[in-house]
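Visitor: Line order of the protein sequences matches chains A and B.
Counting in the numbering used here, the first sequence tops out at residue 558, every number present.
Counting in the numbering used here, the second sequence tops out at residue 524, every number present.
I should point out that these hints are in silico values taken from the structure, not numbers from a laboratory.
Don't take every hint at face value.
Claimed, not checked - Just a few of them, taken from the derived set where beta-carbon distance is under 8 Å, the chain B residues facing chain A:
1) Gly396
2) Arg412
3) Lys415
4) Ala424
5) Glu427
6) Ile429
7) Tyr430
8) Thr443
9) Val445
10) Ser458
11) Leu464
12) Pro489
13) Gly506
Stated by the list, open to error - Every beta carbon over 12 Å from chain B, so not counted as near; a handful from chain A, in silico:
14) Glu230
15) Leu345
16) Gly395
17) His408
18) Glu508
Glycine included, every Cβ here is placed at the ideal spot set by N, Cα and C.
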Amino acid sequence: MATTEDPRAERQATSTERWKEELYDATPERQGELFSTMSGVENEPLYTPDNVQLDYERDLGYPGVHPFTRGVYPSMYRGRLWTMRQFAGFGTAEETNERFRYLLEHGQTGLSTAFDMPTLMGYDSDHPRSFGEVGREGVAIDSLDDMETLFDGIPLGEVSTSMTINAPAAMLLAFYACVGEEQDVPIAALRGTVQTDILKEYIAQKEWIFPPQPSMRLVVDMIEWCSREMPLMHPVSISGYHIREAGSTAAQELAFTLADGFAYVDACVARGMDVDDFAPRLSFFFNAHLDFFEEIAKYRAARRIWATRMRERYGARNPRSWLLRFHTQTAGVSLTAQQPEVNLIRTAIEALAAVLGGTQSLHTNSFDEALALPTEHAVRLALRTQQVIAHETGVVNTIDPLGGSYHLERLTNELERQAYEYFERIEKLGGVVAAIEENFMQREIAEASYRYQSEVERGERIVVGVNRYELEDEPPLELLRIDPALERKQMERVRVVRARRDSAAVEQALAELKRSAEGDTNLMEPIMLASRAYVTMGEMCDALRDVWGVWRETPVF
Amino acid sequence: MAGKIRVVIAKPGLDGHDRGAKIIARALRDAGMEVIYTGLHQTPEQIVETAVQEDADAVGISILSGAHMTLVPRILELLRENGADDVLVVVGGTIPADDAQELKRQGVADVFGPGAPTSDIVDFLKEAVPA
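Between the sequences and the hints, there should be enough to build the whole structure, so can you do that?
Guide: In structure tokens, the structure reads:
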């Protein structure tokens with residue numbers, strides 16, 4: 002952190018203070034709207050060397066050099082652009098396979114899979130709790146059979162695939178590995194990311210199955226297994242995105258995400274793993290919200306904190322263990338249902354912040370997503386937004402082009418300071434899991450979210466089209482409709498799989514999975530065996546529910 | 394004291410998006426109402442049971458998962474079956490306009506979309522719940 006003694010501190014008033022008193026204060030400020038960031042970080046009207054202290058080598062350094070404030074790679078976008086990775090999934094594997102191929106044809110460079118709610122919660126499509134939810138917010142995947150359809154005609158040796166799945170991440174990773182095997186791609190050559198970040202589920206996204214302790218064991222099992230069997234896979238994507246969507250501030254997103262990251266590192270080290278054996282494959286996922294400089298500062302602070310702690314606290318020696326590489330998604334929560342075309346502009350600005358913050362991959366939301374899953378037209382515009390930033394704006398030509406901005410560096414330092422403050426509070430509570438069990442982060446987020454909403458309702462924050470510049474009559478938007486028949490189709494698919502498979506092999510695989518869950522051997526092998534026998538994801542989760550129980554939250558508001 | 398409006402805020406189905414539900418719950422509480430928040434992942438049966446047990450004047454259903462056309466009608470049906478069809482039902486979330494219209498036709502008192510000010514919801518409930 003930049004906290005060196007300012008040699009000029011004894012001077013009575015700095016030039017900046019004099020400027021403020023004599024010139025700035027001579028004109029009244031606008032009244033009504035707040036000048037703080039949308040997260041509530043106060044902003045001075047001007048930053049200069051008088052109120053920003055920086056040690057260039059220590060605080061910024063060079064791209065690809067510790068502490069990586071300016072970027073994780075020496076050449077950044079001059080070497081390779083970020084991966085344009087649009088999140089997609091709806092209906093059954095067939096519909097999503099079509100959308101994947103559409104995106105690849107239009108120049109997308111990586112795949113990203115959205116799963117439906119039943120899949121996220123570990124229920125098969127024909128489970129009573131899945132009623133009405135199958136294929137609605139993502140694709141329904143029940144067994145290896147669906148995964149085969151999802152990637153039909155897509156050579157897994159040539160794409161990298163991201164899967165937004167957490168509680169049942171191990172099962173979906175196993176299905177993916179099995180499809181690789183069937184395509185004759187060695188699983189060690191498969192590339193991609195599985196989200197697997199269960200801690201932020203308890204904190205924010207709330208799609209959980211098991212209690213935190215066994216969930217953490219499953220995460221560590223995956224990290225351990227991937228480091229051996231699938232070394233090109235990122236087994237965890239430590240996610241702030243959902244924390245922010247739940248209404249947190251930028252500082253909370255930063256702090257809770259990194260705290261979760263350190264909790265996974267602690268858990269792996271406790272398992273006996275060497276930090277340099279797994280840390281290079283940990284990756285991150287952040288939100289890109291509308292407060293432009295605050296977001297850029299957040300990414301820069303994240304890189305610096307991670308690098309510093311990984312080297313100093315965890316003793317990582319491999320420089321790759323110090324790198325915080327991240328995916329970004331523009332803020333779904335910033336999209337408005339009112340005058341939805343305006344969302345194109347919001348998303349473009351958010352995407353620009355992500356790029357100026359040095360993201361490794363990016364999803365841009367579609368303008369119609371405050372109302373429904375996006376149409377093809379809307380998704381294409383979202384992808385084009387990234388392409389315009391990459392090829393037309395010139396922002397990719399110089400690395401960290403805003404580095405050295407007094408305002409940005411001050412904000413980076415401030416977010417870093419707030420994050421360390423949160424780390425201390427979480428440690429005092431006994432660590433991340435204990436803090437979750439006490440609802441600490443959940444309460445902090447609910448407070449922040451209510452504060453922001455109140456500011457909007459008092460008119461201290463303006464949301465265009467919502468509390469100012471409203472339109473009386475808005476023309477209806479053409480929305481993507483998920484055919485309700487897809488639910489029945491998917492229920493039928495899973496029934497056909499159940500009827501067709503070798504039931505003795507299924508029983509045996511499930512018994513083996515339970516035995517392993519009761520003990521402490523790595524669960525990935527039994528999950529791989531079960532996947533090959535077409536045991537469904539829901540059946541595997543049920544077996545583990547029997548052994549581990551389920552998580553229940555005491556909600557706070 | 395008499396006249397305090399009792400509202401159950403409910404999250405049906407598997408949807409985990411609870412930012413809106415919590416904001417509404419708190420805004421209604423701040424406006425002097427008695428608020429019971431069910432927490433996440435509730436079945437229609439659980440929600441109706443809570444509404445009946447708590448003798449609620451209104452149930453606010455928050456849903457962003459796209460499953461509103463199956464879950465909300467089921468809640469209305471169960472309220473009727475339990476003789477609780479005098480309970481006012483309002484829905485909030487990502488509900489396309491024609492779905493909102495259909496839900497109102499089936500008995501939902503009103504649907505509040507993204508961006509609706511909490512004060513509108515407070516005013517609506519104060520107006521609609523008989524004192």
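Visitor: Taking the hints in turn, state whether each one holds.
Guide: Hints versus structure:
1. Gly396: violated (23 Å)
2. Arg412: holds (4 Å)
3. Lys415: holds (4 Å)
4. Ala424: Violated, about 12 Å.
5. Glu427: violated (14 Å)
6. Ile429: It is violated, given that the least Cβ distance between isoleucine 429 of chain B and chain A is near 11 Å, above 8 Å.
7. Tyr430: Given a least distance of 6 Å, the restraint on tyrosine 430 of chain B holds.
8. Thr443: Check failed: Cβ of threonine 443 of chain B comes no nearer than 13 Å to chain A, outside 8 Å.
9. Val445: Violated. Min distance 20 Å.
10. Ser458: holds (5 Å)
11. Leu464: holds (6 Å)
12. Pro489: Interface hint status for proline 489 of chain B: holds (6 Å vs cutoff 8 Å).
13. Gly506: holds (5 Å)
14. Glu230: Non-interface label on glutamate 230 of chain A holds, nearest chain B Cβ at 31 Å vs cutoff 12 Å.
15. Leu345: Leucine 345 of chain A clear of chain B: closest Cβ-Cβ about 17 Å, beyond 12 Å.
16. Gly395: Check passes; 35 Å lies beyond 12 Å.
17. His408: holds (29 Å)
18. Glu508: Nearest chain B Cβ is 28 Å from glutamate 508 of chain A, so the label holds.
Checked against the numbered hints given earlier, this structure breaks hints 1, 4, 5, 6, 8 and 9; the rest are met.
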